[in-house]
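Q: The residues making up each chain are set out below.
Number of protein chains: 4
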Amino acid sequence: MENYLLLIDCPDEKGLVHKITGILYRYELNVIRNDEFVEKEINHFFMRTEFTGNINELLILNELYAILPKNASVKFVKKHKKNVVILVTKEHHCLGELLLRHQFNELNVNILAVIGNYDILADLTQKFGIPYHHISHENKSREDHELEVLRKIQDYNPEFLVLAKYMRVLTPAFVNYFPNRIINIHHSFLPAFIGANPYRQAYERGVKIIGATAHFVSNHLDEGPIISQSVIPVDHTQNANDMTQAGRDVEKIVLARSLKLVFDDCVFVCGNKTIIFD
Amino acid sequence: MENYLLLIDCPDEKGLVHKITGILYRYELNVIRNDEFVEKEINHFFMRTEFTGNINELLILNELYAILPKNASVKFVKKHKKNVVILVTKEHHCLGELLLRHQFNELNVNILAVIGNYDILADLTQKFGIPYHHISHENKSREDHELEVLRKIQDYNPEFLVLAKYMRVLTPAFVNYFPNRIINIHHSFLPAFIGANPYRQAYERGVKIIGATAHFVSNHLDEGPIISQSVIPVDHTQNANDMTQAGRDVEKIVLARSLKLVFDDCVFVCGNKTIIFD
Amino acid sequence: MENYLLLIDCPDEKGLVHKITGILYRYELNVIRNDEFVEKEINHFFMRTEFTGNINELLILNELYAILPKNASVKFVKKHKKNVVILVTKEHHCLGELLLRHQFNELNVNILAVIGNYDILADLTQKFGIPYHHISHENKSREDHELEVLRKIQDYNPEFLVLAKYMRVLTPAFVNYFPNRIINIHHSFLPAFIGANPYRQAYERGVKIIGATAHFVSNHLDEGPIISQSVIPVDHTQNANDMTQAGRDVEKIVLARSLKLVFDDCVFVCGNKTIIFD
Amino acid sequence: MENYLLLIDCPDEKGLVHKITGILYRYELNVIRNDEFVEKEINHFFMRTEFTGNINELLILNELYAILPKNASVKFVKKHKKNVVILVTKEHHCLGELLLRHQFNELNVNILAVIGNYDILADLTQKFGIPYHHISHENKSREDHELEVLRKIQDYNPEFLVLAKYMRVLTPAFVNYFPNRIINIHHSFLPAFIGANPYRQAYERGVKIIGATAHFVSNHLDEGPIISQSVIPVDHTQNANDMTQAGRDVEKIVLARSLKLVFDDCVFVCGNKTIIFD
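As you go down the protein sequences, you meet chains A, B, C and D in turn. Numbering follows numbering that gives the first Met the number 0, in which position 161 of the first sequence is assigned residue number 160; successive positions increment by one, without gaps. Numbering follows numbering that gives the first Met the number 0, in which position 153 of the second sequence is assigned residue number 152; successive positions increment by one, without gaps. Numbering follows numbering that gives the first Met the number 0, in which position 206 of the third sequence is assigned residue number 205; successive positions increment by one, without gaps. Numbering follows numbering that gives the first Met the number 0, in which position 12 of the fourth sequence is assigned residue number 11; successive positions increment by one, without gaps.
Chain A extracted, bound-state conformation (with noise of 0.2 Å):
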């Protein structure tokens, strides 16, 4: 019996839930665990039903289908590893703790290969057997140098990117190869401290929490839908390179956390928002 998951989306309607269940009952499919959530303001359903069975996935799509509203996005899932290629430049701290989880299995993924800018990271990586790739940036254009970046990402056709503390900001362009299938960690409690150096930005300020935020990118820098974000306390004897270092345990926990909802396929995206069925 395998294991799978149906995702839907649709604007909502009366008796959605007691059509889709019907569809999964008369199948004889066990289902596992079921959430639905309506978004009132655009009056719109999304399900995310996991459940075990052998089906002929292509005859319940039609059905589905049938009973769906029109535009209705619905997905069967088999359950497995996410492919994915990582972007690094300096910072070892959540590369660090994504190698670890992948060698270890506690990450529903698989990472194929790691890009930097820099080379500082390709001992780390490959103690763990990940292929590094290093680009760098310089005496290139940013067009130029994106552009090799996203053939060597081709060559291993994954189906998320993680920027991994990578400090270089994405062209539209690029970023449209992949919609929301690109993940950033941000060393900051979005929207505060939008842009570069965001202690210094939180220490000039004097603020008493700091934080992290993962989100997918969309083209307007550091404004893509949230996934997660978490904080520390903070006072007047840390520094800007204090915070700094604190803010790296957070960082890393909170990409690591959004990076399993992902994978686990328990994020949609709705506009510039997430739903998320944890």
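Check each hint, because a few of them may be wrong.
[Stated by the list, open to error] Listed below are the simulated DMTMM-like cross-link pairs for lysine to aspartate or glutamate, each with C-alpha atoms no more than 20 Å apart in a straight line:
| # | chain 1 | residue 1 | chain 2 | residue 2 |
| --- | --- | --- | --- | --- |
| 1 | C | K259 | A | D234 |
| 2 | A | K89 | A | E137 |
| 3 | B | K272 | B | D11 |
| 4 | B | K39 | A | D34 |
Hint data in this document are derived by calculation from the structure and do not stem from the laboratory. Being a predicted model, the structure only gives us computed values, none of them experimental.
Model the placement of chains B, C and D on the given structure of chain A, informed by the hints.
A: Showing chains B, C and D alone in chain A's frame:
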């Protein structure tokens, strides 16, 4: 159109969601929110459905019993303020919190009366126009005092009792009058520091975090189903008295939040645990 | 034996702690607690010393000025309840919290009066025996209304003003009457969501955590020195209104905790930041 | 100019800070940070001073002993990486965290070796160039196994032992070789759930928050001085296994944070508690 809740728990079997939602669909009820959960260790199904519509409650109940497994528990609840009596001793912070929330309709509650074994909190209670009954325990056996309290409570016929820092242990006979209808706030992060003086115990042990626990009262002291818990950090500069003061903020917020969950019918009791749809 | 505080801030130089504690030692004062901090970015020294004893304040102050760098700020404070006036608009939760803590001596405060631009909170205030002044802003210029409020405040000569959800922006002229003596609770995790409707903004942005910030009021809206911040998690099931309700618990606790710090003289203002010895 | 720490604890008496800082002032040492605390229940004084300068350690120590009460404990510490041996069993997450932090100099530590009673973690350890010793406990008495482990540890002469999920109980004789020098991570919010399978216990009890505790090891199981604790919320959807997974993130962060405090000499042990200057 009325606002209703349907609360079902029963042994799990295939097709329950489909069958239940089918009945709601045929009556053209408008489901606003639907939550289900199956506790696998005991294979038991829980469902909470919010809907609007005009219903003949008996008709629908009969249809539901016809399709549900034997021993199903089914409740229709029209949304309403829960009638409660509050028991107190000397401390004001939880009572004050509840009186304010009651006054400003922040809690789905109707406070009928407050009963205290001291008269210290009479003045505070009466400021808010609520009757206060002082039933001293002095020179009385535990059973005599408790019977007097019970008689006074029965005059009000409340749906729930709230122990807002009521510092007397209730006997099993008393508790059995109100099964899963007495909510207590315990001033520790249960199951740590069961019994008397938990902040003193916490100080002696040198813990770095203290907490509070709201739970239903069962016959075993401090062992009923937990509804909510919360914590705050402490350090070596705080003595037992400082911890007591710091703990008050946590206690009153945890109690208020738990009562909100219970009075909004979001809480199922499942053996010694709670299932909470929040 | 009286209970005193000595509060010093001055440019840093070697030997300050030794010299200051030497004077206290010669007068045989009993130091209960001592905190120091040097803000290295501006090379400035802060010290807070709690002690008991019988002192001639002027004698000691003269000795301190003799050994301290020029421009040192030195304050002797006999422990006392701080006289405050509270400003409100319509929301009750922060006011109710402060009235309860005042009533039960949980805060080192003496509430002289409450002033509101609506009369909604008069009843609550008067329950606790505190005068309430309704000064409507309707049909008045901002300046005229503010002057009327100022005159009423001056009748009471308070040490601090507390803005307990006072929803009107104060002019720089008004603020300058009370430098670092006005404390505001802002309903967001500053600097995120400056300005109006922060919960609406938080909802629109799809954040996963919301917060509240207590700060001194400076001439720049929502930009004064932050005293304390706190947060709670939210998710996609909560709309802007739900977030507003959830935020209230955080707001009132953060405000109360910040006032405790300020009224216990634990807070130094240092430019746009606070140094807090808690 | 060297970077030093002065760590003093002794019975409290008037003028200690003045006298101690006087000696530092005469030697023209530059105090960077100074923390003091008096534990009033036992009238004991603790002081930690960071300073830079060129010192004759013996000269200053003699001057300090001359002015301090009898039985004072005084330590000069030149800032250095602490030599440690790590003990493990099967779980990788705490070890992986420490190896990464060691590799990237995020912790003031020099990991000399890892000893495990299984060989599962040999590969991970060796990736980072650290020796791994597999000392199986099979077919050996507790004492024989422990002696073998002790001998191996003694080969390295470490300043601290870290139990990174070492799942065997240590005998008092072993513990006494390393008084207040063994740090353990316990997978519960002590003192709740002492002993085996705390996550199972937490699940059975239906708690809404779980945690982890890092502490020095004393002769009483899970009862040594607590260094740090942290928690995360859980709910009814998580079984014991889910809680175990969720707890790992907390365990490794709490352990790493506690080791940072200990290795930076911020922690005094005071009976069964810790005084922490962070």
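Q: Within 20 Å, alpha carbon to alpha carbon, are C/K259 and A/D234?
A: 17 Å, holds
Q: Between B/K39 and A/D34, does the CA-CA distance stay at or below 20 Å?
A: 16 Å, holds
Q: Hint check: A/K89 vs A/E137, CA-CA at most 20 Å. Holds or violated?
A: At roughly 14 Å apart (the allowed maximum being 20 Å), A/E137 and A/K89 satisfy the hint.
Q: For the pair supplied as a hint, B/K272 and B/D11, is the alpha-carbon distance within the 20 Å limit?
A: The given pair, whose Cα atoms are some 18 Å apart, holds under the 20 Å limit.
Every hint, counting from the list given before, is met by this structure.
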